[in-house]
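Peer 1: Chain residues, written in single-letter form:
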Amino acid sequence: MSDLSIRALSKAFGGVRAVNEVSFEVKRGEFLAMIGPNGAGKSTCFNMINGQLAPDSGSIWFEQKNLTGLAPREIWRLGVGRTFQVASTFGSMTVGENVQMALLSHANEIYRYWRPAAAMHRERALALLDQVGMREAADRPSRELAYGDVKRVELAIALANDPRLLLMDEPTAGMAPRERNDLIALVKRLVVEQGISVLFTEHSMDVVFAFADRIIVLARGRLIADGNAAEIRDHPQVREVYFGTGKTFARAAGAAS
Amino acid sequence: MTLSAFLFQALNGLSAASGLFFIAVGLSLIFGVTRIVNIAHGSLYMLGTYIAYSFATKIGGAIGFWGGIVATAILVGVFGALIEIVLLRRIYRSPELFQLLATFALVLVINDATLWIWGSEDLLGPRAPGLRDAVEVLDRRLPTYDLFLIVIGPAVLLVLHLGLARTRFGRLVRAATQDREMVGALGVNQAMLFTAVFALGSALAGLGGALQVAREPANLATDLVAIGDAFVVVVVGGMGSITGAYLAAVIIAEVKAICIAVGVVDFGYFTVNFSKLTLVAEFLVMAVVLIARPYGLLGRAQGQVRSIAEPEDPIRPATPALKMLAAVAFALLLGLPLLAQSSPYMLILGIDVLIAVLFATSLHFIMGPGGMHSFGHAAYFGLGAYGAALLVKWLAAPMGLALAAAPLVALAGALLFGWFAVRLSGVYLAMLTLAFAQIVWAAVFQWEYLTGGSNGVVGVWPTAPFDTRVSYYLLTLTLAAIGVLMLRRFLFAPFGYAMRAGRDSALRAEAIGIDVKRVHWLGFAIAGGVCGVAGGLFAFAKGSISPETIGVGRSIDGLVMVLLGGIQTLTGPIVGASVFATLQDTVMRQTEYWRALLGGIILLLVLAFPGGIVGALEKFFSRWKTAS
Numbered sequence: 001m002s003d004l005s006i007r008a009l010s011k012a013f014g015g016v017r018a019v020n021e022v023s024f025e026v027k028r029g030e031f032l033a034m035i036g037p038n039g040a041g042k043s044t045c046f047n048m049i050n051g052q053l054a055p056d057s058g059s060i061w062f063e064q065k066n067l068t069g070l071a072p073r074e075i076w077r078l079g080v081g082r083t084f085q086v087a088s089t090f091g092s093m094t095v096g097e098n099v100q101m102a103l104l105s106h107a108n109e110i111y112r113y114w115r116p117a118a119a120m121h122r123e124r125a126l127a128l129l130d131q132v133g134m135r136e137a138a139d140r141p142s143r144e145l146a147y148g149d150v151k152r153v154e155l156a157i158a159l160a161n162d163p164r165l166l167l168m169d170e171p172t173a174g175m176a177p178r179e180r181n182d183l184i185a186l187v188k189r190l191v192v193e194q195g196i197s198v199l200f201t202e203h204s205m206d207v208v209f210a211f212a213d214r215i216i217v218l219a220r221g222r223l224i225a226d227g228n229a230a231e232i233r234d235h236p237q238v239r240e241v242y243f244g245t246g247k248t249f250a251r252a253a254g255a256a257s
Numbered sequence: 001m002t003l004s005a006f007l008f009q010a011l012n013g014l015s016a017a018s019g020l021f022f023i024a025v026g027l028s029l030i031f032g033v034t035r036i037v038n039i040a041h042g043s044l045y046m047l048g049t050y051i052a053y054s055f056a057t058k059i060g061g062a063i064g065f066w067g068g069i070v071a072t073a074i075l076v077g078v079f080g081a082l083i084e085i086v087l088l089r090r091i092y093r094s095p096e097l098f099q100l101l102a103t104f105a106l107v108l109v110i111n112d113a114t115l116w117i118w119g120s121e122d123l124l125g126p127r128a129p130g131l132r133d134a135v136e137v138l139d140r141r142l143p144t145y146d147l148f149l150i151v152i153g154p155a156v157l158l159v160l161h162l163g164l165a166r167t168r169f170g171r172l173v174r175a176a177t178q179d180r181e182m183v184g185a186l187g188v189n190q191a192m193l194f195t196a197v198f199a200l201g202s203a204l205a206g207l208g209g210a211l212q213v214a215r216e217p218a219n220l221a222t223d224l225v226a227i228g229d230a231f232v233v234v235v236v237g238g239m240g241s242i243t244g245a246y247l248a249a250v251i252i253a254e255v256k257a258i259c260i261a262v263g264v265v266d267f268g269y270f271t272v273n274f275s276k277l278t279l280v281a282e283f284l285v286m287a288v289v290l291i292a293r294p295y296g297l298l299g300r301a302q303g304q305v306r307s308i309a310e311p312e313d314p315i316r317p318a319t320p321a322l323k324m325l326a327a328v329a330f331a332l333l334l335g336l337p338l339l340a341q342s343s344p345y346m347l348i349l350g351i352d353v354l355i356a357v358l359f360a361t362s363l364h365f366i367m368g369p370g371g372m373h374s375f376g377h378a379a380y381f382g383l384g385a386y387g388a389a390l391l392v393k394w395l396a397a398p399m400g401l402a403l404a405a406a407p408l409v410a411l412a413g414a415l416l417f418g419w420f421a422v423r424l425s426g427v428y429l430a431m432l433t434l435a436f437a438q439i440v441w442a443a444v445f446q447w448e449y450l451t452g453g454s455n456g457v458v459g460v461w462p463t464a465p466f467d468t469r470v471s472y473y474l475l476t477l478t479l480a481a482i483g484v485l486m487l488r489r490f491l492f493a494p495f496g497y498a499m500r501a502g503r504d505s506a507l508r509a510e511a512i513g514i515d516v517k518r519v520h521w522l523g524f525a526i527a528g529g530v531c532g533v534a535g536g537l538f539a540f541a542k543g544s545i546s547p548e549t550i551g552v553g554r555s556i557d558g559l560v561m562v563l564l565g566g567i568q569t570l571t572g573p574i575v576g577a578s579v580f581a582t583l584q585d586t587v588m589r590q591t592e593y594w595r596a597l598l599g600g601i602i603l604l605l606v607l608a609f610p611g612g613i614v615g616a617l618e619k620f621f622s623r624w625k626t627a628s
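Chains as they are written, first to last, in the working numbering: chain A, 1 to 257; chain B, 1 to 628.
Hint data in this document are derived by calculation from the structure and do not stem from the laboratory. Backbone N, C-alpha and C fix where the C-beta goes; we use that ideal spot for every residue, glycine too. A couple of the hints might just be wrong.
[Said to hold, decoys possible] Distance ranges between label pairs, derived from CB positions:
hint : chain 1 : residue 1 : chain 2 : residue 2 : range
1    : B       : F267      : A       : A107      : 50 to 60 angstroms
2    : A       : K188      : B       : T319      : 40 to 50 angstroms
3    : B       : G170      : A       : G15       : 48 to 58 angstroms
4    : B       : R171      : A       : Y113      : 31 to 41 angstroms
5    : B       : A608      : A       : E144      : 22 to 32 angstroms
6    : A       : V192      : B       : A175      : 45 to 55 angstroms
7    : A       : E144      : B       : T591      : 27 to 37 angstroms
8    : A       : Y113      : B       : S622      : 49 to 59 angstroms
9    : A       : G15       : B       : L416      : 50 to 60 angstroms
[Stated by the list, open to error] Straight-line alpha carbon distances no greater than 20 angstroms define the calculated EDC-like cross-link-like pairs of lysine to aspartate or glutamate that follow:
hint : chain 1 : residue 1 : chain 2 : residue 2
10   : B       : K517      : A       : E74
11   : B       : K619      : A       : E74
12   : B       : K393      : B       : D467
My request is simple: use the sequences and hints to build the entire structure.
Peer 2: Written as structure tokens, this is what we have:
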């Protein structure tokens, strides 16, 4: 059965059809990568799924519930976690408090006025930080962290509501190659352990081909390919959008010879 | 009322619109390019009237009048350029709040300088040479000078529009309004551009002020009235839009004119005197526009201007040392009545300081952790004070009931206004809160029957057992301590964390299920309620309450208190309010030029100690610790 189902999703900005009739599914426990060149519509697609943008048409279903038109916080409450392309945390809080914040919200305890928050859900927050290897940093101000560590903390926050689906928009953007592999390997291990489905976008092909169960390719707002790593690698249309057809240079090459 | 009377008022409205346009257009232009909301703009306008008066009376004749108006515009423009070079250049990269405060300090300094040069009397200039007559319009006499004003407004609009559309300078201004960093990256000398725009905007304000010299006397209160009007016009029209400024000026002036034309209307059971609603009307227009179009009629969403304020440290529960300090301070305050036996004034000062502490702490609650820079916190102080005083006056309520009602009235007001305010952010939130505070002020001022108008409500004295100074002081101390500790407790609870989460990153907070608007709305309401207690205590402490004690000045005092203590610390507002209230009751009472003194303090604060007293102390101690 499928966890997330995208049906004929479309969004236009002025005359540009950023996302054009895109449909795909994410199966339970699947690690699905969405790739495509710059301007393919990946981020637009993502922002519609996580509720930041309203689609012009089409619908988004998660576990038989229609997410279309819901606010980000409502989608989160249904069990969808997310990380951001440009990672950010609550700068005036410690690393531990950042995770506690998400746990408090998950427990519907935001509107409590008396009990000190610092002691609430502390153990669970530390356990989550432990999973991403950041337990040692729990009491440091989160704004002091290196970027790679912020990404890890973000992951811990995203896991706080026991999500069944995780949306990750370029989870490794701005990281060094070693860090990238470590982070994605960590994500993969966690989701396999906990049976979470993941939809992520990614620019690093190494990461995508090494870890993704399945890959979908967007180009100019349309879905052009869907398959496993080998299929995508040999897909003529995918090769065309990434490497071009060579026609641009054909004449120049002919003239030179 | 006849149709012709109605049309005549509409014509009057057009001449008033020109006046509003002149006040607002420079402000809008300056904001568009420099992103600074220049509160001192009204002061430049006021200076214009005074300088033109001097030209017209000292030189006299047509040259003194008309030549004086042109000379005034140039002089004020040069003065504006000086302000930009000496002061504003230092604070372009400061947080918005500091820029607003710095220009407010200028308001205070310029006001006292004007008092020193021209004296406190109103000065009425001569009638305009060549335009002294009136013409028959719609069977009524319309002064030719008003006709001239009706024409000159659109004329200047046209000149500005062409200048912006056709000249190189105009292109640069438009480009900078859209993206000033890009303009800088393209090699344009930003410093020159900013100075030139500031000079132009100031000259327009000076011109507007000078043109009023034949209609209204030069008056020291003009600066705040003018800036209030200018804010409304600019926000309604859209920050940075010149055509929007004229459009908004016409709408507001016409709404006011129509209010006057409609006059008293009998609705059967009750009568409404619309001509008394003019003050409320313009702020109502603004509130409606901001709610429907948050960036004004012709405005566009502004790109976020990066502020480089130092990020805040995580909050920590009080250390044993701080708890000890607080206990000692509380014990000393409890013992104050003993000390005060020799100087009874000590208790009055003590009550003033405690009320200020409660006021500032409640403001800090939304300003610091909530990130909502309210420029109208006086509204909730006023609602609390008037709520209590009116209960005593009309229902002869006992003091306990009246004091209990104060926070409820303020809470209700804050719930209503806050619902709108949290939908905006930054400068727009500041302006909207200011507008709401002006609505409260104007309602109190103009609803004479209920509130006693400018005389206020008198005879609000505490009843036994709080009718002695000592017992009332102890009551104030108790309530202030409860209020401060309660707000502190809220900040350490999940709610306070959620409020900070929404401030740090609204996007991320929403992504973990926090309804940021709702959390901030409730925070706003809580702060309003606590502020209402301060207002209620104030009314009973003074025995009276009047509109002037709940005006814009009190809102600004609150901001200064919070910043003086340090906005990024939890103890800051307490220290800041104590120091400020003490200064106000002692030093500032001694001098006629207290405004300039206060302005100087603010400028020092903004330029030298942006972290406030507590921030500076913390820095000092942490350096001392690492050094040892």
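Peer 1: So, for every hint listed, does it hold in this structure?
Peer 2: Results for each hint:
1. F267/B / A107/A: 50 to 60 angstroms: 52 angstroms, holds
2. K188/A / T319/B: 40 to 50 angstroms: 44 angstroms, holds
3. G170/B / G15/A: 48 to 58 angstroms: At 30 angstroms between Cβs, range violated.
4. R171/B / Y113/A: 31 to 41 angstroms: 54 angstroms, violated
5. A608/B / E144/A: 22 to 32 angstroms: Because 27 angstroms falls inside the window, the suggested range holds.
6. V192/A / A175/B: 45 to 55 angstroms: 53 angstroms, holds
7. E144/A / T591/B: 27 to 37 angstroms: 47 angstroms, violated
8. Y113/A / S622/B: 49 to 59 angstroms: 31 angstroms, violated
9. G15/A / L416/B: 50 to 60 angstroms: Since G15/A and L416/B have Cβ atoms about 43 angstroms apart, the given range 50 to 60 angstroms is violated.
10. K517/B / E74/A: 14 angstroms, holds
11. K619/B / E74/A: 42 angstroms, violated
12. K393/B / D467/B: 17 angstroms, holds
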